[in-house]
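A.B. asks: Read top to bottom, the protein sequences are chains A and B. The numbering of the first sequence is my numbering, which starts it at 4 and goes up by one. The numbering of the second sequence is my numbering, which starts it at 489 and goes up by one.
Since the hints were made in silico from the structure, they are not lab data. These numbers were taken from a predicted model, which means no experiment stands behind them. Ideal Cβ positions, reconstructed from N, Cα and C, are used throughout, including at glycine. Careful, some of the hints might be misleading.
[Claimed, not checked] Taking lysine to any residue pairs in the SDA-like style, the calculated list, with each CA pair at most 25 Å apart, reads:
#1 44(A) <-> 537(B)
#2 521(B) <-> 46(A)
#3 24(A) <-> 799(B)
#4 521(B) <-> 24(A)
[Unchecked claim] To list a few chain A residues with every Cβ distance to chain B over 10 Å, as calculated:
#5 60
#6 147
#7 172
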Amino acid sequence: MQSLSNRKKVVSNKKMTFLEKIYLPAIFGGMWITFKHLLRKNNTLRYPEHTREFAPVYRGQHVLKRDEEGRENCTACGLCAVACPAEAITMVAAEREKGEEKLYREEKYAASYEINMLRCIFCGLCEEACPKEAVFLTDRIVPTNFERDSFVYGKDRLVEDINNRIDITKRQHTGKRTEK
Amino acid sequence: MEISELIEKLALIVALFGVTLGIAAYATYFERKVAAWFQDRIGPDRAGPFGILQPLADGGKLFFKEDFIPANAEKWLFIMGPGIAMFTALMTGSVIPWSTDLELFGQTVALQVADINIGILFIMGFLSIGVYGIMIGGWASNNKFSLFGAIRASSQMISYELAMGICVITIVMMSGSLSLRDIVNTQHGMNWNVFYQPLAFVIFFICSLAETNRAPFDLAECESELIGGYHTEYGSMKMGFYLFAEYVSLFTSSAVISVLFFGGFNFPGMDNFDGNTLAILGVVAMFTKTFFFIFVFMWIRWTIPRFRFDQLMHLGWKSLIPISIINMLITGLVIAFNEGWFK
Chain A
4 MQSLSNRKKV VSNKKMTFLE KIYLPAIFGG MWITFKHLLR KNNTLRYPEH TREFAPVYRG
64 QHVLKRDEEG RENCTACGLC AVACPAEAIT MVAAEREKGE EKLYREEKYA ASYEINMLRC
124 IFCGLCEEAC PKEAVFLTDR IVPTNFERDS FVYGKDRLVE DINNRIDITK RQHTGKRTEK
Chain B
489 MEISELIEKL ALIVALFGVT LGIAAYATYF ERKVAAWFQD RIGPDRAGPF GILQPLADGG
549 KLFFKEDFIP ANAEKWLFIM GPGIAMFTAL MTGSVIPWST DLELFGQTVA LQVADINIGI
609 LFIMGFLSIG VYGIMIGGWA SNNKFSLFGA IRASSQMISY ELAMGICVIT IVMMSGSLSL
669 RDIVNTQHGM NWNVFYQPLA FVIFFICSLA ETNRAPFDLA ECESELIGGY HTEYGSMKMG
729 FYLFAEYVSL FTSSAVISVL FFGGFNFPGM DNFDGNTLAI LGVVAMFTKT FFFIFVFMWI
789 RWTIPRFRFD QLMHLGWKSL IPISIINMLI TGLVIAFNEG WFK
């Protein structure tokens with residue numbers, strides 16, 4: 004019958020020749036191959052001492068950026084939550100009170116902002132959706148834990164520390180807002 | 489027997505025991521390293537520099553695991569199995585000559601625990617008893633996989649012992665003695681048996697692979713089919729004994745191969761030395777050969793896939809035994825011709 008997939012393989016049960024029957028040439032051939040591997044340099048990375056260099060576009064744990072004056076960029080517009088295919092992001096919006104201008108950049112801000120790191124697939128769509136350049140993915144790895152609850156990251160772990168900024172320029176061209 | 493002789497033999501036994509166990513322990517480490525090198529990995533390197541303390545860590549782990557005996561197992565046979573395996577593996581080392589005589593404190597010390605005149609028969613005998621360790625362990629476990637492993641091991645070892653024995657006969661015919669020291673002494677210098685009996689060497693080597701239950705003949709263990717075969721039900725140090733016995737017999741069979749075919753402690757240019765220098769160089773030569781064969785055993789293990797059981801039996805009964813018998817007959821004819829019996 005005509006093969007449809009063209010991947011049909013005809014099985015042959017041919018008699019072994021004498022050299023094949025005594026196995027030894029094939030065995031020595033195999034041993035020569037393994038011996039070449041003995042001399043080869045291995046590619047093992049000794050993990051705890053050395054870590055693999057991440058690609059510049061690596062997508063790891065998120066950060067909520069502050070602007071140059073230390074004000075939170077996020078306005079709780081909810082576009083990231085809408086864009087999120089894994090529905091990992093939830094937030095509660097609140098209005099900025101008088102005297103909070105130093106804390107929040109615009110009149111509206113996120114009172115709570117949570118990302119469930121177990122749901123998150125690190126696709127980066129939230130970062131793409133964000134109009135305020137607030138949420139970015141960084142080259143940090145989400146640490147492991149034994150409790151599921153602890154993987155829901157709130158603002159305490161997402162917003163960057165004012166004195167200890169997270170560098171995102173590696174995968175962003177600027178990381179700064181451009182005037183639109 | 490004098491007291492000094494007793495002390496000398498005791499010291500030799502303790503030294504041999506320590507060396508055998510030490511080498512067996514480090515063979516486990518070396519096996520993992522060799523496997524890693526062949527597979528482009530690094531292997532154990534966390535315990536101490538280069539992972540040197542890995543065997544200690546392994547042993548410690550085995551000691552502290554729960555010593556478990558299954559409810560339906562034959563309790564005493566279950567305990568005896570690993571004991572027999574270990575005992576027979578350790579006994580074979582006692583007749584192997586490690587070097588020429590050493591002069592110590594005005595006394596001649598033969599570097600061989602027992603120079604019995606049937607040394608090679610002794611080794612063959614203990615190799616055969618070694619089957620019992622596996623057989624009893626597999627039977628006592630009361631587990632079908634263990635029993636399968638034990639049956640496979642025993643049938644395999646019995647079939648390969650025949651070809652092995654016939655190869656030994658050819659060597660005995662050439663040297664005219666069953667004593668291992670005499671066999672070594674006839675291979676003076678570079679006059680090794682392997683150059684006269686390459687076929688016997690190949691067959692003997694294959695049979696020792698089968699006798700030590702190592703890949704490609706590790707059907708008795710066979711993780712993928714029998715979940716470890718005869719030691720499926722074993723844990724803790726009993727398991728450790730089985731594994732250890734395998735490495736001890738790996739060491740002794742490497743030593744036997746180098747004694748029978750590669751001249752034991754003989755090395756080219758040995759006539760330029762004498763006395764203790766010769767003895768020490770002999771030990772070095774002997775151990776170099778032994779370690780080389782341990783490496784080859786490991787090399788083969790990490791190269792060749794396991795045989796099927798019917799292939800194993802075919803190879804043993806239909807190839808190795810006829811070839812070794814023909815080899816023995818030809819050897820006999822040549823010896824008879826050289827002795828002038830046909831004139």
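A.B. asks: Please go over all the hints and tell whether each is borne out by the structure.
C.D. replies: Hints and how they fare:
Taking the CA atoms of residue 44(A) and residue 537(B), the gap is about 19 Å. The hint holds against a cut of 25 Å. For a cut-off of 25 Å, the pair hint linking residue 521(B) to residue 46(A) stands: about 15 Å separates their Cα positions. For the hint linking residue 24(A) to residue 799(B), the alpha-carbon distance of about 11 Å falls within 25 Å, and the restraint holds. Using a Cα cut-off of 25 Å, the hinted pair residue 521(B) and residue 24(A) is violated, with the two alpha carbons roughly 32 Å apart.
For residue 60(A), the non-interface assignment is confirmed: its Cβ lies about 29 Å from the closest Cβ of chain B, beyond the 10 Å cut-off. Chain B leaves residue 147(A) outside its interface by the beta-carbon criterion, the shortest separation being 20 Å against a cut-off of 10 Å. Against chain B, the non-interface label of residue 172(A) holds: every CB pair exceeds 10 Å, the least being about 36 Å.
Comparing the model with each numbered hint stated earlier shows that hint 4 is the single one that does not hold.
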